[in-house]
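Colleague: Sequence:
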Amino acid sequence: MKKHLLIALLVPYFAFSQEVTLLNTDSILTVLEGEIAIRETYVQKKLATLDAYKSSLSKSTSLTDKYRACWHIVDQYKSFQYDSAFFYSLKLSDLAYQIGSFECIQTARIKTAFVLESGGLLKEAADTLEAVDLTNVPDSIRSEFYSVTTRLYDFMAYFVKDFYYAKIYQQRSRDYMNRELALHSPSSLRSHFIRIQISQADGNFEETERVYLSMVKNFKLTHHQLAMRSYDMGVVFDEKFPEKAIYYKALSAINDIRGAVKENVSMRELAESLFRKGDLRRSSLFIKQALDDANFYSSRLRKVEVSDILPIIEGKQYQELESRNTRVIKYSYIITLLVIVLGLFLFIIFRQLSKLRISKRNLDAANESLFNTNHKLEESNKIKEAYIGQFFNLISEHLFKTEKLVTSINRKLSQRKFDDLSEITDNINSFKERELLYKNFDDMFLNLFPDFIEKLNGLLKKDEQLDSNMKLLTPEIRIYALMRLGINDNNQIARLLNYSINTIYTYKTRLKNKAIDPETFEESIIDI
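Read left to right, the sequence shown gives residues -17 to -1, 1 to 511 (mature numbering (1 follows the signal peptide of the UniProt record, and there is no 0)).
Among these hints, one or two may not hold up.
Unchecked claim - Derived pair list, reagent style DSS-like, types lysine-lysine, alpha-carbon separation capped at 27 Å: (1) Lys200 - Lys223; (2) Lys384 - Lys343; (3) Lys29 - Lys271; (4) Lys42 - Lys29; (5) Lys150 - Lys42; (6) Lys260 - Lys286; (7) Lys29 - Lys203; (8) Lys415 - Lys454; (9) Lys497 - Lys445; (10) Lys150 - Lys37; (11) Lys74 - Lys28; (12) Lys491 - Lys438; (13) Lys454 - Lys395; (14) Lys415 - Lys387; (15) Lys444 - Lys497; (16) Lys271 - Lys28; (17) Lys445 - Lys395; (18) Lys497 - Lys454; (19) Lys286 - Lys144; (20) Lys454 - Lys444; (21) Lys28 - Lys42; (22) Lys150 - Lys106; (23) Lys200 - Lys260; (24) Lys438 - Lys422; (25) Lys454 - Lys438; (26) Lys286 - Lys29; (27) Lys271 - Lys286; (28) Lys384 - Lys395.
In case anyone wonders, no lab produced these hints; they're calculated from the structure.
With the hints as constraints, model all of the structure from the sequences given.
Modeller: Set out below in structure tokens:
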């Protein structure tokens, strides 16, 4: 904020190039927005000054002192508040008549005409100026008369907006400016003011800028003076250099606010320029401020000026708002559609993921089943390999014994030693052979299933469990060992073990009764 204020204060005192790009309009517009926000502080300062003059007016005993205090009050009010300015201008006239001073009376009439112009009462202002008598008045009063008359014809030219009469009023305005210019030294401040107005009316922006820069360099200006002449700069640059015009109008508006000037035109014209540029936000802000100023001052003319542009700016802003709302609604529809499509895609994706999870579970189950099957096949193959090898060894050994027995018998028969045959048969011990078969089977089985007894104990009641270090199987365990190897036919088991079928049932039932769960005992044995 301090940076922007510094820019606004220093800018007028430097030479400007005609290149628009060298002007930072955005910065000064930001300063103006900041000044609008604190404008009430300047108003309070103005009111404090007025209170001081009013106090002086009420306390003064001399008519001359009262006149001087009233003159200052009118000067403060004339661009601040019309009703009060008009009231005190009438009082100023009364005091002038009471004093009986010819010059004071003419000055009071000129002041009253200025106030009437500001209030938009142009006919009344013209009548008041018509009553001014310039006979033998000093140049200061004559200069002020020419200045107020120039202002009257400028207002009339703007107000009628007629090709024929406007030109007449403009020419009369020029005549009075030339008359006033002749009264002042070329180096005077008032001379600079008039030359800026003349060159601005001629559209000569180079001369206007040259005189303006000379003025701000060589004179200390009030906020109101700087505001008026900066406005002239904004007008002259309006056509060819719109960015410069915006800059100077903004500078004028800033100084109007700082001087608590409510009867102004720069704020309204700045709003128009920004409207043409397309800056609707600032245009709307400034035109509303111009309307507030016009209402505060109670200027009919300024209200008419603002009312011409305000509906256009507000209408355009409303259109922009409608267009923005339409775009928002359109984007809302598009976003809603995209959300629906996205939701549909997400539903499809989640559905596919669900199917994929189910397929994965099924695949995992199938893999696990396949793994178990492969494990069982591998186990079965190992059992078969070991069992076949053991079986082959037993058969080979049995064949060897049989061949040896046959050879021995044939030898005895060829030697006719029939008595020795009985000796050979007596040496054949089938019980011993069967015991050897059981032992070989037990060794083979326990090698294939080294933890069979341990896992079997896990199926039996605690007090019925077997010795886990046993080397030979009991008949009951041997039956279930054959079942684990895949021999489930009770008749086949009976033949292999040389038991009756009833004995097989008895042994199986005996061991099953020792089980924790007899119903699932046999299935559990198969799963070992």
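Colleague: Hint by hint, work out which the structure violates, then give me just those numbers in ascending order.
Modeller: 2, 5, 10, 13, 17 and 23
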